[in-house]
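Participant: So the chains spell out like this:
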Amino acid sequence: MSRLLPLAAAALLLLAWWGLSLKYPPVLLPSPLEVLTEGWSGRAKLLEATWNTALSSAGGLLIAGAFGMSGGILFLRSRWLEAALYPYALLVQTVPIVAIAPLLVVWLGYGAPVAVTTAAIVAFFPILTAANVGLRGVSEEQVELLTLYGASWWQQLIKLRLPASLPYLFSGLRTAVGLSVIGAIIGEFVGSNGAPPTLGYLVLQSSRSAQTGTTFAAIFFATALALAAFGAVRLAESRLIDPWHGDSQ
Amino acid sequence: MTLLPALLALACSGGTSDPTPDPAILTEEDAVERVEVKLALNWFPEPEFGGFYEGVLGGHYERAGFDVEIVPGGPGAPSLELLTSGRVQAAISTADDILVKRNRGVKAVGVWPAFQLSPRGLLVHADAGIHTVEDITSGDIALEVGSPFQRYLWDKMGWEGKVQAVPYGGSVGPFLADKSIIQQAYITSEPCVARGAGASVEFLRAADSGWNPYGVLLALPEPLPDWSADFVAATATAWEAYMKDPSRANARISELNDQMKPELMGCITEAQQPFITGSDGMGAMSVTRWEAMAGLLVRLELLPAGSTAAGAWKELP
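Respectively, the protein sequence lines represent chains B and V. Those letters in the first sequence? Residues 1 to 249, per this note's numbering, in order. Those letters in the second sequence? Residues 250 to 566, per this note's numbering, in order.
These aren't lab readings, by the way, just hints derived from the structure by calculation. Among the hints, a few may not be true.
[As the list claims (entries may be wrong)] Listed next, with one range per pair, are the computed distances between beta-carbon atoms:
#, chain 1, residue 1, chain 2, residue 2, range
1, V, Asp404, B, Trp40, 16 to 26 Å
2, B, Trp40, V, Gly555, 17 to 27 Å
3, V, Ala448, B, Leu85, 36 to 46 Å
4, B, Tyr24, V, Gly323, 15 to 25 Å
5, V, Lys493, B, Lys45, 47 to 57 Å
6, V, Pro566, B, Tyr24, 25 to 35 Å
[Claimed, not checked] When the alpha-carbon atoms are kept at most 20 Å apart in a straight line, the in silico EDC-like pairs for lysine to aspartate or glutamate are as follows:
#, chain 1, residue 1, chain 2, residue 2
7, B, Lys23, B, Glu34
8, B, Lys23, V, Glu471
9, V, Lys563, V, Glu550
10, B, Lys45, V, Glu550
11, V, Lys411, V, Asp384
12, V, Lys405, V, Glu550
13, V, Lys493, V, Glu471
14, V, Lys356, V, Glu540
15, B, Lys45, V, Glu409
[To be verified] If you only want the chain V side, here are some residues facing chain B, beta carbon under 7 Å, derived:
#, residue
16, Val355
17, Pro416
18, Gly419
19, Lys428
20, Ala485
Model, not experiment: these values are computed from the prediction. Note that the Cβ used here is the ideal one computed from N, Cα and C, for glycine as well.
Could you put together the complete structure from these sequences and hints?
Facilitator: Here's what the structure looks like:
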């Protein structure tokens, strides 16, 4: 019975949407059927756009991961560095991304680099915070034991702190992966030139020519992309750490 | 996606109008019921809307029984959607936009064009060696991606796969920073802003490429409310006043929009004049031009075959 509840909720939502679409003109709210038809007829372009947006958000996530992890390790190494730089890392999180995206176009030109950068900026902070907390999340006894055996700082990092930080890192990644999709689409709103097509560009293009069916279809593809990315992170998490730490949920 | 900007536009509308009616002219009309009209613009406050601001500032609407609040827009501003949803009572649009969106359920009628010639065009750096649209054969053009104007250009010039359309956010900053950029422009804004910033530019009129919908077109809800003719008459009077002396409205526009610096207003006022009057005179509309635009949109597959402009416009006495 409880397995059917999400399906029933989806059916009710669809019904409510369809009911509302009878009341409003398609330019304000297209019907589910219109979204489906336009999504189907434009599926080749939508899929290609989803793939390109996925690449940008994955690129951004990788960069955010590299910087976030490096930042976490640097902060672990030096409390002074942490005190000096952490406030600025916080600043990155509060950057109004919509406002700086046009500047990125000036610096990087039109194309994927803008979307990769905006994705990286929004995904950076959750990863840095997770790394910062996770790398310190070991007990004094564990550190003392390794020190006793003569393990260097780097050996302690690789053999103890990194594995121990994985649950924290994955928790940060789960937040970051959804943000990176949103970040990429915002970058595409401003910096994509439509060749190759991207989801952000398609949303802009279709809404300007009142093709709201396509706009909604593109939004659904973006949602599906974020869900798939989240699923991939969960899968990696269950493979990598569940056997060691039990279910991290 | 369509509702969000609409809500944002409404949220941003507070404090944008500052009616200072002429106190000498308060008649018994004030005793009758007044009509509240929110007028949604389709772009930032700029002199292309000067007559509407003059209508408020000079009391032209007030005297005709209207309390008008002007709601500014920006890129992708959903002025016609706001009109259809009843959140505003009047909207500024263009002839092509009305035709395309009526086909998608928008209930709007074009009643009075402030611009005979489309104020749109492309802005290029003067030393780029580009003097007509035909001279453009590659590169990026920043404009409203997906707009009928963009589709027309790409169709007419065969630019698919050669020239890329990139989003235009409304600032000339990237254009000024990069000499190779071509961008969309309104004669009432970017050419003078760019010249004011020291750039040497050329404006290629959309009308010269064959794209000439009525611009800054006042649209009212369908069916037309009974105050429509009075509103149009007040609008026409306001625009005549603005053409004689634009200083008051332009000063207000400068306050509302940082890009519209007071020292640019001379350049803009002079530049927009011929676009407003055209060859038929301010406010005129003809069936030939409306049907020509509908025909173009059918060719671009933005309207179904056989569509006409019937019902999309009405000249009010």
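Participant: Run every hint past the structure and note whether it holds.
Facilitator: Structure-based check of all given hints:
no. : hint                           : result
1   : Asp404/V - Trp40/B: 16 to 26 Å : holds, 25 Å
2   : Trp40/B - Gly555/V: 17 to 27 Å : holds, 25 Å
3   : Ala448/V - Leu85/B: 36 to 46 Å : holds, 39 Å
4   : Tyr24/B - Gly323/V: 15 to 25 Å : holds, 23 Å
5   : Lys493/V - Lys45/B: 47 to 57 Å : holds, 51 Å
6   : Pro566/V - Tyr24/B: 25 to 35 Å : holds, 33 Å
7   : Lys23/B - Glu34/B              : holds, 15 Å
8   : Lys23/B - Glu471/V             : holds, 16 Å
9   : Lys563/V - Glu550/V            : violated, 24 Å
10  : Lys45/B - Glu550/V             : holds, 18 Å
11  : Lys411/V - Asp384/V            : holds, 13 Å
12  : Lys405/V - Glu550/V            : holds, 13 Å
13  : Lys493/V - Glu471/V            : violated, 32 Å
14  : Lys356/V - Glu540/V            : holds, 19 Å
15  : Lys45/B - Glu409/V             : holds, 15 Å
16  : Val355                         : holds, 5 Å
17  : Pro416                         : holds, 6 Å
18  : Gly419                         : violated, 9 Å
19  : Lys428                         : violated, 13 Å
20  : Ala485                         : violated, 29 Å
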